[in-house]
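With these hints in hand, go ahead and build the complete structure from the sequences.
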Amino acid sequence: MIAGPARGVTLPILAIILMFGIFGLTTRQMLGVLVYSLVAFGVASGVVAARDEPDYPTVVAAAYVGMVVVVLLSSTFLTTRVQSTRQHLRRQKAELARALEQIRQLATHDDLTGVLNRRAMLDRMQLEQRRSLRSSSPLLIAQLDIDHFKAVNDTHGHAAGDLVLQSFADTVRRNVRDTDVLARWGGEEFVLLLCDTPAADAVDLMERLRQAVQAMQVPVPQGDGPITVTVSIGLARHTPAHPLAGTLERADQALYAAKAGGAQPRGACTLPALMPVIGMR
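Just so we're on the same page, my numbering is the position in the sequence shown counted from 1, plus 55.
Simulated from the structure, these hints should not be mistaken for laboratory data.
Please note that a few of the clues may not be correct.
[Unchecked claim] If you anchor each label on the Cβ, the simulated ranges turn out as follows:
(1) Ala-152 x Thr-210: 39 to 49 Å
(2) Ala-95 x Ala-149: 32 to 42 Å
(3) Val-94 x Glu-156: 43 to 53 Å
We put the beta carbon where it would ideally sit given N, CA and C, even for glycine.
Right, here's the structure in full:
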């Protein structure tokens, strides 16, 4: 006799195992369990039928087989539905994550140049200001303005002006460090945040940047030739005793001084906020 009267325990035990399997097995694994269980229970039932046990009539054996089939099929169906629901939820989660990333990108970046926008830059400045205060590391802000940009728009059109802005942003990002943060401040004006940069190194960096922009050539479709531009730069060092607005104002004044410099070439970099550091005046 196989199991004897305890055969009836098989179904609830099998059902419990399959209930756990619904949440832990894939559809393919559950199909494997279905086939294996049907074969195993079929072999066991055949052995019992071959022994012709008096306390195990054929009707009972058939009922057991039917119940096992029902339990296995229903469990497999539920597993398939659960897996389908999980996949659907995973796809929705991935789509939601992509949508949130797109929204964050639109909210924090300039859609033309891909750099940070003004609001995101102000938030980043406040963060770096607190970090600079804790670590006593230097923090500098540079204002960059493309010279005579209105003439570019008037001569070549706004589409060409957009190409110049994009090329300018790409040129700046290629010539600064990964830790430096560039933002479009408005129109043709940009702001560059230099973190943990000594004043002398910042001056050298701004000069290299000015030369890189001056060497930049922007091809214009259906134009007479590539567009070349120059940039004026104003640089200011932020000190914990002053607000960020004051540092931005000093950088803006330095920018206007660069544009108005008579003896200096167009696009030069002046640093009135750093004069005590570099020994000018």
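Tested hints:
no. : hint                          : verdict
1   : Ala-152 x Thr-210: 39 to 49 Å : 44 Å, holds
2   : Ala-95 x Ala-149: 32 to 42 Å  : 39 Å, holds
3   : Val-94 x Glu-156: 43 to 53 Å  : 49 Å, holds
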